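S.K.: Taken in order, these protein sequences are the chains called A and B.
Take 1 as the starting number for the first sequence in the working numbering and just add one per residue.
Take 305 as the starting number for the second sequence in the working numbering and just add one per residue.
Possibly wrong hints are sitting among the right ones.
So the derived label-pair ranges between C-beta atoms look like this [as the list claims (entries may be wrong)]: (1) B/V577 x A/A100: 52 to 60 Å; (2) B/R665 x A/T69: 39 to 47 Å; (3) A/A23 x B/T780: 53 to 61 Å; (4) B/G459 x A/A73: 32 to 40 Å; (5) A/L68 x B/L392: 29 to 37 Å; (6) B/W630 x A/A73: 54 to 62 Å; (7) A/A23 x B/R453: 45 to 53 Å; (8) B/A653 x A/A23: 47 to 55 Å; (9) A/A105 x B/A728: 19 to 27 Å; (10) A/D39 x B/V577: 20 to 28 Å; (11) B/Y528 x A/L68: 24 to 32 Å; (12) B/G583 x A/A23: 28 to 36 Å.
Short derived list, chain A residues pointing at chain B, Cβ under 10 Å [to be verified]: (13) M60; (14) W61; (15) W62; (16) T144; (17) C145; (18) A150; (19) S153; (20) K154; (21) N158; (22) W256.
Hints in this document: simulated from the structure, not taken from any laboratory.
Being a predicted model, the structure only gives us computed values, none of them experimental.
Virtual Cβ for every residue (Gly too), placed ideally from N, Cα, C.
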Amino acid sequence: MSDFFSSGWSLFIALATLVSLVACLALLIFASRRTKMADDNSTGHVFDGDLVEMNNPMPMWWVVLFVLTVIFAFVYVYAFPGLGSVAGSLGWTSRGELEADQARASREMAQVYAAYNGVPAETLSQDAKAMAIGQRLFINNCATCHGSDARGSKGFPNLTDNDWLHGGTPEKIEETITLGRTGVMPPMAAAVGTSTDVHNVAQYVLSLSKSPYDSIAAYSGKAKFAACAACHGVDGKGNQALGAPNLSDNVWLHGWGEAAIAEIVNNGKTSVMPAQRGRLSGEQIHVLASYVWSLSHPRQTAAR
Amino acid sequence: MSRIIPIAAVPPATATVSLYVSEEKIQARSVRGWFAGWRWATVWLTQLLFYGLPWLQWNGRPALLFDLGARRFYVFSMVLHPQDVIYLAGLLILSAYSLFLFTAVAGRLWCGFACPQTVYTEIFMWVERRFEGDRQARIKLDAAPWSLRKIARRGGKQAVWLAMGLWTGFTFVAYFTPARTLGAEVLGFALGPWETFWILFYGLATYGNAGYLREQVCKYMCPYARFQSAMFDRDTLIVSYDPLRGEPRGSRKRGVDPASIGKGECIDCTLCVQVCPTGIDIRKGLQYECIGCAACIDVCNGVMDKMSYPRGLIRFATQNAMAQRWSRRTTWKRVARPRVLVYGTVLAALGSAFVYSLATRAPIRADVVRDRGTLARMVEGGRIENVYRLQLMNATEAVEHVRVEVEGLPGASVAAWSDVDLAATESRWVPVVVQIGPEQASSLRPGAHPIEFRIRLVAPADATREIRADLHEKSTFIVPR
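Pulled out of the complex, with its shape left as it was, chain A reads as follows (with noise of 0.2 Å):
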């Protein structure tokens, strides 16, 4: 009971539940006979008159239900808690309700999951129980960031086309979600050099996707890029081992053109995957990679 600075508090509970109880009985005990006031079955009071109060006994059996319910009531915080900080002799806590909740909602999932334990994403994938399961994780855990359709949006890789930061095997994509990711593309203005050296990098980068871009300056960017070239190779294809982007396709994490290419050049940038561990379980993890991979690969995806 750490929410009362005081042990006070827990005994004024205490002593006012109880003193309630027994006010209660008592007052039903003290309430339950009157001097009789008049021979006509009326309690002698008249208002207003003609309106007579008349004297229609409770029965006796509500009488029994008011005294088990007070009863009831002393059993109750006996077993559980009611008095202040007594813990009661049940010992129950609402943690402790929730964490047996819990315990069988994970016992009665680990049945439903272990028929999909060990089962390759290839053959997951047709499995189309197994898909809609994927796709209710996916849509609970992963589409606030990635989207419903989980085709991302600007900072959040899309999934569906199987371009890949960290590698695409069903095994990465479990590696990914279970132990997350951080990319890092550090500031490179100043190993790049002066602001036309950024620009230049940027329509170098602009033409290795073939995207419309200066010639001339991409000519004097080349020399430049070996600062990128480091992690993102030399002919800017990128290293999954690095998570560093493949340059040379059509897919704009950040956004496309120069201004967005010189941005990130000049300030960097670093983008979290969280981990996943600690909110699913394994096997949660291997049918939600499996659904993941499944997206990516449609042709071998049952019938949606």
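Since chain A is already given, all that's left is putting chain B on it; use the hints.
M.R.: Only chain B this time, still in chain A's reference frame:
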């Protein structure tokens, strides 16, 4: 020697009374007659429905099944989703209005003829009569010391009561677990904990309410008994004793003309009190305990017949009709007063709307929700893409093929997942991607544009593509700056 007379203070002559007393057991006498016949008719009707419906099969499943676990209610050929709770609200509103109407016309008809409390009490009292005899025999048996005969009669009654209670509990739970499954579970001692609890709880509640609490429920628990008085007026037909005809009451020989002995037509046989299930004397006028069962009318009419007096010393009459000696015709004319007509019209309108709505209910339901993750995005070729989540609910028991299209925005089309197969009674969230081309995108101002989803149910693998449902759901399409 002197005698000393002790002096004691005499307390003032007062007495104390208890505000709680044990209610006396009411041993209602059995009654036959027109109204009793109607009550038995409603007992048969309601109980045949209640006990019979769970066993009725429909399309290979129970005709009525409230599957709480799967959140689906099956009502004959209908499948109701939690989203259809509006129909439950409609049903409750209809019931409330019927109650208003019937109460305004003829008081507590529901209480006296159709309420489960009355119906089960009637059945339990019939069992009681079979074992212990009618009122006089029961009063005698109550007073008699315990004997083999008394044990046999009481035991027999208790056994039948308990069996009926448990059967009622079983039937109640059979609306939630299919009766055949439940029956097998009972026979195999394989009931779930909640099924066991509810069978016992509902069974014992029936036993206790219909066997023991009876009129106490009406007098001390039922709120309707208390608020109905606000729904009576002086033109409401209520069970009434005619004091002008009956008083002064008194006993006499059969066939004596009341005028010749200076008395009214009430022979003070007290049969009306003996048959009353709530133990009141209707001759004292309208009382809140009266459940309008008309047992006193039936029994008094029998007495009037024997005395060769006209029937109707106790009858359904309005307070106005009683005071002004109206004929039956005038009384009924006044019953059709504006209040009743308004209730009737509203009830008829609500009832028709309810039936129409159910009859034209679409076999699928759809809700369109914009995706919360992505507002809008530009994709390859400068097309603008919005993502929606559609909740599609199949209200049929077959696999249904749903086709999603968009209207109302030129150039907009569904780019992904326009065709969805829904399993029987399935409810599912489906992401739907809508795109517009670059030309349309540049011609639209940035911001939200209205768009309408058209969700149709098409027969799968059918060249004619017969359309069985055509829903329109509004949403917005956002063009980014």
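S.K.: Let me make sure I understand: some of the numbered hints might not hold for this structure. Which ones are they, in numerical order?
M.R.: none
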